[in-house]
Every structure is written in structure tokens, then in C-alpha cells.
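Participant: From first to last, the protein sequence lines are chains S and Z.
Numbers 0 to 557, taken from numbering that gives the first Met the number 0, label the letters of the first sequence in order.
Numbers 0 to 184, taken from numbering that gives the first Met the number 0, label the letters of the second sequence in order.
The hints are simulated quantities; they were obtained by calculation from the structure and are not laboratory data.
Just so you know, even glycine gets a beta-carbon here, dropped at the ideal spot from N, CA and C.
A couple of the hints might just be wrong.
So, partial list: chain S residues that the calculated Cβ filter (under 8 Å) puts toward chain Z [as the list claims (entries may be wrong)]:
#1 Leu-175
#2 Gly-177
#3 Ala-195
#4 Leu-268
#5 Pro-300
#6 Ala-301
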Amino acid sequence: MRAVDALMECLKAEGVDVVFGLPGGANLPTYDAFYDAGIRHILVRHEAGGGHAAEGYAKATGKVGVSLGTSGPGATNLVTPICDAMMDSVPVVFLTGQVRTELLGTDGFQEADTIGITMPIVKHSFMIQHPLEIPRSVHEAFHLARTGRPGPVVVDIPQDLSRADIPYEPVTDVHLPGYQPTIEGNQKQIRLAAKALANSRRPVIYAGGGIINANAAVELTELATADRFPVTCTVMGLGAFPAPHDLWLGMLGMHGTRAANYAMDEADLICAIGARFDDRITGKLAEFAPRAKFIHIDIDPAEISKNVPAHIPIVGDAKNILPRLTAEYRAVSADPGRLEEWWSRIHGWQERHPLRYDDSKDSEIKPQYMIEALYEATGGDAIVSSDVGQHQMWAAQYFHFNKPRRWINSGGLGTMGFGLPAAMGAKVGCPDETVVCIAGDGSVQMNMQELATCAQEGIAIKVFIMNNGYLGMVRQWQELFWDKRYSQVDTGQFPDFVSLAAAYGATGRRFEDKKTLVSDMKEALATEGPVLVDVRVTREENTYPMIPAGKPARDMVG
Amino acid sequence: MGEPGTQELLSLDELEAAGSVRTGRKHILSILVENKPGVLTRIAGLFARRGFNIDTLAVGPTDEERLSRITLTLDGATHPIDQVTKQMHKLVNVLKIRDLEPEEALARELALFKVSADGANRAEVMQVCEVFRAKIVDLNRRSLTVEVTGTCEKVDAFERLIRPFGLIEMARTGEIAIARGRGET
Numbered sequence: 000m001r002a003v004d005a006l007m008e009c010l011k012a013e014g015v016d017v018v019f020g021l022p023g024g025a026n027l028p029t030y031d032a033f034y035d036a037g038i039r040h041i042l043v044r045h046e047a048g049g050g051h052a053a054e055g056y057a058k059a060t061g062k063v064g065v066s067l068g069t070s071g072p073g074a075t076n077l078v079t080p081i082c083d084a085m086m087d088s089v090p091v092v093f094l095t096g097q098v099r100t101e102l103l104g105t106d107g108f109q110e111a112d113t114i115g116i117t118m119p120i121v122k123h124s125f126m127i128q129h130p131l132e133i134p135r136s137v138h139e140a141f142h143l144a145r146t147g148r149p150g151p152v153v154v155d156i157p158q159d160l161s162r163a164d165i166p167y168e169p170v171t172d173v174h175l176p177g178y179q180p181t182i183e184g185n186q187k188q189i190r191l192a193a194k195a196l197a198n199s200r201r202p203v204i205y206a207g208g209g210i211i212n213a214n215a216a217v218e219l220t221e222l223a224t225a226d227r228f229p230v231t232c233t234v235m236g237l238g239a240f241p242a243p244h245d246l247w248l249g250m251l252g253m254h255g256t257r258a259a260n261y262a263m264d265e266a267d268l269i270c271a272i273g274a275r276f277d278d279r280i281t282g283k284l285a286e287f288a289p290r291a292k293f294i295h296i297d298i299d300p301a302e303i304s305k306n307v308p309a310h311i312p313i314v315g316d317a318k319n320i321l322p323r324l325t326a327e328y329r330a331v332s333a334d335p336g337r338l339e340e341w342w343s344r345i346h347g348w349q350e351r352h353p354l355r356y357d358d359s360k361d362s363e364i365k366p367q368y369m370i371e372a373l374y375e376a377t378g379g380d381a382i383v384s385s386d387v388g389q390h391q392m393w394a395a396q397y398f399h400f401n402k403p404r405r406w407i408n409s410g411g412l413g414t415m416g417f418g419l420p421a422a423m424g425a426k427v428g429c430p431d432e433t434v435v436c437i438a439g440d441g442s443v444q445m446n447m448q449e450l451a452t453c454a455q456e457g458i459a460i461k462v463f464i465m466n467n468g469y470l471g472m473v474r475q476w477q478e479l480f481w482d483k484r485y486s487q488v489d490t491g492q493f494p495d496f497v498s499l500a501a502a503y504g505a506t507g508r509r510f511e512d513k514k515t516l517v518s519d520m521k522e523a524l525a526t527e528g529p530v531l532v533d534v535r536v537t538r539e540e541n542t543y544p545m546i547p548a549g550k551p552a553r554d555m556v557g
Numbered sequence: 000m001g002e003p004g005t006q007e008l009l010s011l012d013e014l015e016a017a018g019s020v021r022t023g024r025k026h027i028l029s030i031l032v033e034n035k036p037g038v039l040t041r042i043a044g045l046f047a048r049r050g051f052n053i054d055t056l057a058v059g060p061t062d063e064e065r066l067s068r069i070t071l072t073l074d075g076a077t078h079p080i081d082q083v084t085k086q087m088h089k090l091v092n093v094l095k096i097r098d099l100e101p102e103e104a105l106a107r108e109l110a111l112f113k114v115s116a117d118g119a120n121r122a123e124v125m126q127v128c129e130v131f132r133a134k135i136v137d138l139n140r141r142s143l144t145v146e147v148t149g150t151c152e153k154v155d156a157f158e159r160l161i162r163p164f165g166l167i168e169m170a171r172t173g174e175i176a177i178a179r180g181r182g183e184t
């Protein structure tokens, strides 16, 4: 059979039910195979939209996303989603077309060195050199994307090889001698961690996206409730711990709560799980958590002691380690009263410094209120994607995620334009869920074109644009740190999103009145098909609280 | 600490952080990789983007056709070696990394020196060569070319001695190494 038909068999064997892509010259054979392969293909309008959609699909479902592009510009358009998936450990397989082998290295039409360009931003990549390699490489790509620390894998297939005839036999095993992720945590280290927790008087559990990738949210709650361990999550980890919970401190980091950041600052023991001590968490590294010892649980050994030296490193899968740590902890009889003082200190911070904003006295919609209104309108029961900027931080602060895989955002790379296509992918993966995108008026335009895809395919996402007519986060920094010299951040009131939505075949609405916002949102959510809502909010509102870049948590402002 | 009810004692003060230590010495990493296209690029790219500096690098075949060995030296004073090896281990084509301790490794480098040697200093140059067991591999009226093998320290020493005679050019392979004794590297 043709190698591309074998490729279809491989995708089916991997359980792929949908892919996001855009055809071109070099992947024509693949698209010929899609014609009757029985795999749902969603034709995106830009490869980046397809790549982010595959990420959104993967984050919402926990399955591997698949994204396709042709050679040259098709592949270079995928560079941003590939890098995004790498930074946030999202399992996506990218299948790129390549020029015919005889043209390789000749600067042929639509030739780009896809493997070379993407090498620093992939978990692994395969340059197909013989048609017989295709089935095995595709299966290895899925295995690599899905297991260990998940990530993007690129398979680059020259056009002539993809149409060659090969004898196809299903591949039932993958053999990667250089890839053996550690799943099981070391028992001695787990016991040591349990003892350290039992002897700690000011512990904090600091959980990241690794909990969600490991499907270990329940196990995290069990550990936290085995005593009364305070829990904070990174922006990637939101939903790993139920937001309305006595032990919940809120998000930590640059725009996290004071309670979370102060607790980290004063902790004597920090138990990091599936988190990587990013600079948005640590602030000034030299003054980060100066009194703390660190337990660091991660599936990627290279994360341990990368930024912050770990005292008790445990390499493995959180799903494997957390129940064992909880059991070990229960076996040690810790003094139940020892956390009283710590909690009264934390409660003091929570009472003195809750997340707050000055609400408007009139019909003006404050951006924070917009998130609270959306939380109310959805009953909190929705998958929420976001773009990158102020709206992302307000969504993280005011939309209380109580389950994993409900919050889909671009944390590591901070990719504007991520939200709309990611929501599209999430909706395709979870058609019965309400999927909303909280977008910025700047960000949303970076992948606006996918609204056409949504309209054509009937993908009923509800996009709420927090429209302040600014690139708001940059404006905020210019206000606070650059003497209010607003340089190139005013986007005016362009475009007219309502007519634009209509032009794309979606429903467009504009909300400007706080008093009716919740009911207006409910109505938008109940509207069939894709909906784009332009919500006009206060123009110059700042995201607080904030740890200024390069400062320690103690120096939080706002 | 002796909290009431605590069965086993562990003071948090006793815990020591591990990792990211700078050893302050030269490290020889012997890396077994799959003989596949792009492997060297992946390793070199990783070093470049993580800001690790390679001192020397030598690549060659092994006794197994599907494998190559990369021998790489770097300075443990400027790099956390554990972070370097852990990042390299994440490359799927890297099978094995051994950080060879100086006393357990045999390390050799090959170097070629072209030295200006006319009548006046030729005898003296040849004397230095003899001490270092360097082999003269090319000779003409105005220069001679010498082959030296040994540890990089020996090659360095040879270079220091020969330079005053007029070093025209030099080529060095970088060290390769293998573990002492019966066990595999």
C-alpha cells in the first residue's frame, strides 16, 4: 500500500479521531489518503491555528493532538505552536510535508529545513529517509509525545517517500533504547519526604502542570488533606487542586495572591510537584524562599536542581509517587497541632490581602468583574481557554477552577493568539462541554481567522474579548516602569468585532453595561454556533497584585 | 526535633541540597549515541542554547556499527555537570553518558605541529621531539611537521616548548577516552 495509507492506519491504531491541518504541495499524497481514510480532518485557515487547536484538544482531553502542515511556510507557521507545546509539555504530533528527496538541500520551491528549524523546540523529531520508516516513526512519535514528560514531536515526510508503495504490517511495539522515562519514585526518597513533611512547621505544596499531565489531581488532594498542607498552584497547574477549598492559597507567582507568595517566602519546607521554578514563580532567585528546604517531585530529572537546588529530589510520575507519599506520611505520626501557628499566619494574610479591585459605581465594566460575571454565567462549569496578557491573569485569579483540564492557556511561551484556536480544539475534543475563550483584543486578532473554521465546522465556541483597546499588559508595564510613556500599545477600537464575527459566519455581540452583563453572557452562551462577544471594559486597569520582575515576593505591589 | 508523637526524628536543618554543583575541574564525558543523522547537531545545539561551552569534541565509530562515541571535554568550574548530562540524556538518540573520573580513564589526543626549523634550530627542535616521543612526519628545508599523541596536558606542554621555535600552525583532535580496566566505558 502507499506509505500515506499506512500512515492513516497508524493514526487509527493510535486512536486518532481528529486532526487539524492545511494541505499544500508537499503533503498532497497525505491529503489524498485523508480523502477516504475515515479520520475527521479539520481544515484550518492558518497552520498556527491548527497547531494551537491540536494543543487545546490535547490539554482538554489528555490525548495526543495531531497537526499537519505542508513543507516550507506550512512548517514554519507551525514553529510557534511547536515551541508552545514544548514549553508547556503538551503532547502533539506534528506531521509536516517536505520537498522530494532529490530537491532536498537545493533551496527547492517551498523547501525549509524543518528538522533543523524545530530541533531546539521539540521533544524529538524524525526526518523520514525511507518510506519503510514511516509507520515505525509515527508510532514512536506518538509514544514520545504521550509518555514521560509530554511534548511535541515532529515527523517530516518528503513528498516522494510518502507516495511510495510499502509492505505494511502493523507496528505493535516501539523500541527506543535511549528513551526510558522513570515512572516509579524511589521509596527511600519518598519516605524521607514524608518525614520532612512531618517535621515541617511551615510547609507549602507548590503544584504545577505536571499534576494535570499525570492525571494526579485526586492524589494531590489526598496528600494535602492527609494533614492540613497549604496548596498553591502555578498558572499551568490551576485546576489541579479545587479552588474553593480550605487549604487553597490561590495561584502563586508574579500575579499570584499575597497569601501564596508570602507563604512560599516564609515556608520552611516546599514540596514542589510537577513544577519547574520558572522566573515568574521565583522572582529574584537569590531571595526566593530563603528559609525553605525543597522536596522536588518531577518526571523530568533535568528539572530537578535546574533553578533551585533540591534537598529531596524524587524523579517519577506524580500518579505513582503521591499515593505512596501520602501512605508514608500517614504512617509517620506527625504532631497535629504543629501547623496551627502557620495557618493563623496564612489566614492573617488571606484576610488582610484578598484579591480585590475597586468596582465601578456605574455601568462601566471592570475587567475583573467581567471574569466574575463569566464565572457566574457559566456556573463555573466550562472549559476556559485564554490568550496572553492581563485578561489571562485576571481569568487565572477570578475564575475558580475546581477540576483539571478546564483551564487552557499558554503559560511558558506566553503565545498571544493561542486562545481562540485552543478553544476550538478543546471544543472538538469535548463537544458536550461549554467552551469559552477569554481573549484580549490584541491577542485574538493573531488567530482570528479560525473563526471561519469554527463557523464552517459548527464548532460552537464562545469567545469573550476583554476589549480595552490596548495591548494591556505592555501598557501596564509602561505605566509602572517606563514613566507612562505609552509606546505602540494603543490599538484604538479596531476592528469592529461584531461585524467581523458576522463576516466570518459567527454571531457577534457587544456588551457595555455591567448591570446586564451576566444575563447578556448567559444569552450569548445559549446562542447556537460560534459566538464572538466584544466586551468593553475599563481601559486603564492594572493587574494586581504584582511582583515586579526580578524582585522577591516580599516586594509585591498593588 | 523531638515533636510529641513523632516516631522518627528528622531535623530539616540536616537536609542538604544536591546538584548544580560546580566541581572546578575538567570533565571528560564519553557519550554513546545512535549513529543517526543529526545527532551531533542535536548535542551541539543543546550546548549552544543552554550556554554550555564545549572545550573539545571528538566523534568516531565504535565497535558496533549502529553506535558512535562522542568524547567531549568541558570545564566543571563554569558548568553544573549534572545539569549538562541530564539535559543530554533527554535526547532520544543518546544512549549512555559516562563522566569519566581522571584516574579511571585513559585519555589521548593526537596533534600535528608545523614548526619552522631551518639549519640553526633544527637539532634543538628534534631534541624536544625526542623527549616527547613526537614523530616527525614531514620535513623540508624550512620546516618540519610533528605528530604528538598523549593527554591534552602533554600536548599543551609540547606546544609551550615548541612555540618559541616558530609555530607555523597546529591541529588537534581533542581528547578521546576510554575507561581503565575490563569494564565497558
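Participant: Each hint needs a verdict: does it hold in this structure or not?
Facilitator: Results for each hint:
Given hint, Leu-175(S) at the interface with chain Z, holds; its Cβ is 6 Å from that chain's nearest Cβ, closer than 8 Å. The restraint placing Gly-177(S) at the interface with chain Z holds, with a minimum CB-CB distance near 5 Å, inside the 8 Å limit. Given the 8 Å rule on beta carbons, the hint for Ala-195(S) holds: about 6 Å separates it from the nearest Cβ of chain Z. This hint holds: Leu-268(S) has a C-beta 6 Å from the nearest C-beta of chain Z, less than the 8 Å allowed.
Residue-level restraint check for Pro-300(S) holds (minimum Cβ-Cβ distance to chain Z is 5 Å; threshold 8 Å). At a threshold of 8 Å, the smallest CB-CB gap from Ala-301(S) to chain Z is about 4 Å, leaving the interface hint in force.
In summary, the structure agrees with every hint in the numbered list given earlier.
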